[in-house]
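The lines below spell out each chain.
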Amino acid sequence: MRLSPLGDRALRIEVGSTIDEETHRRVRAVCARLAARIVPGTNELVPAFASVTVFYDPLHVPESAGRGDIGAYARFAALVTDALTELDAAALPPPRAVEIPVCYGGDYGLDLEDVARQHDLPAEEVIRIHTAGDYLVYMLGFAPGFAYLGGLSPRIATPRRAEPRTLVPAGSVGIGGDQTGVYPLASPGGWQLIGRTPLVLFDAARTPAALLAAGDRVRFRAIAPNEFAELGDG
Amino acid sequence: MSIRVLSPGLLTTVQDLGRHGHQRDGIPVAGAMDVFALRMANILVGNAEECAGIEITLAGPTLSFDADALIALTGAEFDAMVNGERAPAWRPLRVPAGATLSLPRAARGCRAYLSVAGGIDVPLVLGSRSTYLRASLGGKDGRALDRDDVLDHLVPAPLSRSIAARVAARRQGFGAASWGAGFSFARLYSTSPTVRLVSGEHMALLSEGARAELWRAEFRVGAQSDRMGYRLEGPMLELSERRELLSEAVTFGTVQLPPGGSPIVLMADRQTTGGYPRIGEVATVDHALLAQLKPGDGLRFRPVSLEEAQRLYLAREAELAQARAAIALNHR
Numbered sequence: 001m002r003l004s005p006l007g008d009r010a011l012r013i014e015v016g017s018t019i020d021e022e023t024h025r026r027v028r029a030v031c032a033r034l035a036a037r038i039v040p041g042t043n044e045l046v047p048a049f050a051s052v053t054v055f056y057d058p059l060h061v062p063e064s065a066g067r068g069d070i071g072a073y074a075r076f077a078a079l080v081t082d083a084l085t086e087l088d089a090a091a092l093p094p095p096r097a098v099e100i101p102v103c104y105g106g107d108y109g110l111d112l113e114d115v116a117r118q119h120d121l122p123a124e125e126v127i128r129i130h131t132a133g134d135y136l137v138y139m140l141g142f143a144p145g146f147a148y149l150g151g152l153s154p155r156i157a158t159p160r161r162a163e164p165r166t167l168v169p170a171g172s173v174g175i176g177g178d179q180t181g182v183y184p185l186a187s188p189g190g191w192q193l194i195g196r197t198p199l200v201l202f203d204a205a206r207t208p209a210a211l212l213a214a215g216d217r218v219r220f221r222a223i224a225p226n227e228f229a230e231l232g233d234g
Numbered sequence: 235m236s237i238r239v240l241s242p243g244l245l246t247t248v249q250d251l252g253r254h255g256h257q258r259d260g261i262p263v264a265g266a267m268d269v270f271a272l273r274m275a276n277i278l279v280g281n282a283e284e285c286a287g288i289e290i291t292l293a294g295p296t297l298s299f300d301a302d303a304l305i306a307l308t309g310a311e312f313d314a315m316v317n318g319e320r321a322p323a324w325r326p327l328r329v330p331a332g333a334t335l336s337l338p339r340a341a342r343g344c345r346a347y348l349s350v351a352g353g354i355d356v357p358l359v360l361g362s363r364s365t366y367l368r369a370s371l372g373g374k375d376g377r378a379l380d381r382d383d384v385l386d387h388l389v390p391a392p393l394s395r396s397i398a399a400r401v402a403a404r405r406q407g408f409g410a411a412s413w414g415a416g417f418s419f420a421r422l423y424s425t426s427p428t429v430r431l432v433s434g435e436h437m438a439l440l441s442e443g444a445r446a447e448l449w450r451a452e453f454r455v456g457a458q459s460d461r462m463g464y465r466l467e468g469p470m471l472e473l474s475e476r477r478e479l480l481s482e483a484v485t486f487g488t489v490q491l492p493p494g495g496s497p498i499v500l501m502a503d504r505q506t507t508g509g510y511p512r513i514g515e516v517a518t519v520d521h522a523l524l525a526q527l528k529p530g531d532g533l534r535f536r537p538v539s540l541e542e543a544q545r546l547y548l549a550r551e552a553e554l555a556q557a558r559a560a561i562a563l564n565h566r
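Chains A and B are the protein sequences, given in the same order. Sequence positions in the first sequence follow the working numbering and run 1 to 234. Sequence positions in the second sequence follow the working numbering and run 235 to 566.
Treat the hints as calculated values from the structure; they're not laboratory data. Note that the structure is predicted; figures quoted are calculated from it, not measured. Glycine is no exception: its CB is placed at the ideal position from the N, C-alpha and C atoms.
Below, a sample of chain B positions facing chain A; criterion: calculated Cβ distance under 10 Å: (1) H256; (2) R512; (3) Y547; (4) E551; (5) A552.
With the hints as constraints, model all of the structure from the sequences given.
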């Protein structure tokens with residue numbers, strides 16, 4: 001693990017340099033430990049693919065006994081290092097499983113046919129592959145409630161659209177390169193849209209506001225339009 | 235007691251110190267661009283610093299007050315008028331019922347802050363009243379203020395009432411306190427400031443020439459700059475090595491370098507994470523200088539050590555604490 005500053009009020013903990021499940025487990029372990037042993041001065045933890053960033057307030061980092069003259073960063077980094085001793089990624093609680101119902105194709109997924117054509121597969125096979133996948137939420141970012149998912153089958157990895165859409169509806173499920181994901185909010189977007197979920201991925205009035213959290217296991221389940229309507233009402 | 239928006243101005247939003255604690259869910263911090271100015275505006279009217287105020291951008295609103303109110307204006311210089319009379323900034327003002335406050339145009343700087351004793355009362359969304367426009371979160375219905383909006387404020391603290399009691403009320407115009415924020419913060423607001431930059435994770439990836447340019451050149455704030463970030467125009471900064479980077483947390487003042495070579499400075503409405511090289515982070519004490527820039531303004535960087543940036547931050551916090559303490563002491 002390597003610690004380095006992100007400006008004068010944050011510290012990053014680099015636990016790896018690749019997107020893989022082993023690195024992800026270390027990220028989770030760091031977050032779990034720093035949530036259990038809160039280092040004084042900590043404001044917020046932000047996990048990413050291979051790092052955790054700790055936002056802190058230099059004003060509230062305790063003075064260190066003995067070495068009075070070292071700066072807030074050095075003192076904070078020393079406390080973080082102490083808190084992270086003997087970290088055990090194996091002791092993590094099991095991940096949460098989340099099922100996301102998706103109505104594929106048609107008006108729900110305008111690009112499904114096109115994606116199928118690009119891979120020379122029937123649309124049903126694209127759906128089968130997409131729903132067979134076991135996906136891992138590596139991190140959230142980009143937009144409120146947006147989850148970066150790993151685990152898309154290379155068989156349906158598809159380049160982004162040449163022309164991004166100016167408005168993609170909330171809940172749209174897309175493929176962009178080797179990633180798949182769900183748009184939490186209506187926004188412009190360049191991913192290939194293969195379906196849409198009636199679930200609300202982000203609702204500020206709900207606790208938690210984001211449906212998904214880093215570390216979750218996600219599966220997609222194909223539903224028919226009438227089920228979409230029913231779930232959407234609920 | 236409420237404030238009515240007679241005309242909204244260019245971009246007038248409710249902001250507090252930001253929506254902290256939710257970045258792990260991808261929720262941007264947002265909040266005041268010039269956090270220092272908003273904090274001082276709150277201190278001047280006896281509010282807690284995290285009270286919501288109004289951020290005013292370049293061309294300001296016209297507001298009317300339906301009851302006597304204690305307010306303060308800080309940040310950019312705006313030639314503010316209360317009932318047609320020039321009103322001073324950086325000090326408590328008592329405006330009478332029926333008063334009209336107008337802030338036609340920024341004379342210097344870009345963003346002014348209006349605090350009202352008690353703080354603006356809009357619902358807390360995920361712990362903050364800040365407006366985040368891209369996701370329609372917080373503030374007044376998730377949007378910028380519009381004509382005929384009515385904003386209420388919360389009950390002023392006892393300190394606010396003591397401050398108001400000592401400011402002479404006038405039936406016409408306004409009463410101004412004989413004291414203010416003490417030193418001229420307005421001097422901080424330049425159209426071509428030099429801000430101090432703490433070296434970032436990828437500073438070492440800059441070619442030697444690019445590093446020399448970074449410290450030498452004057453950059454210009456591009457037209458496509460907003461609360462999310464500033465695109466800087468100037469010399470293209472080349473990387474000596476291209477490296478695929480993984481997205482991770484960024485912060486206010488992060489200077490990132492997309493492949494085109496034109497740096498972007500991330501501001502209040504930045505996304506929580508980014509995948510471009512980060513060449514540095516502007517020292518917190520200089521965030522106000524950034525916040526007061528508008529498209530077309532100049533910007534230079536000079537290096538500062540992390541230790542010095544933190545020392546400056548702690549000194550600034552001590553000044554704010556001192557201001558708070560002095561006001562409380564004088565209004566017991």
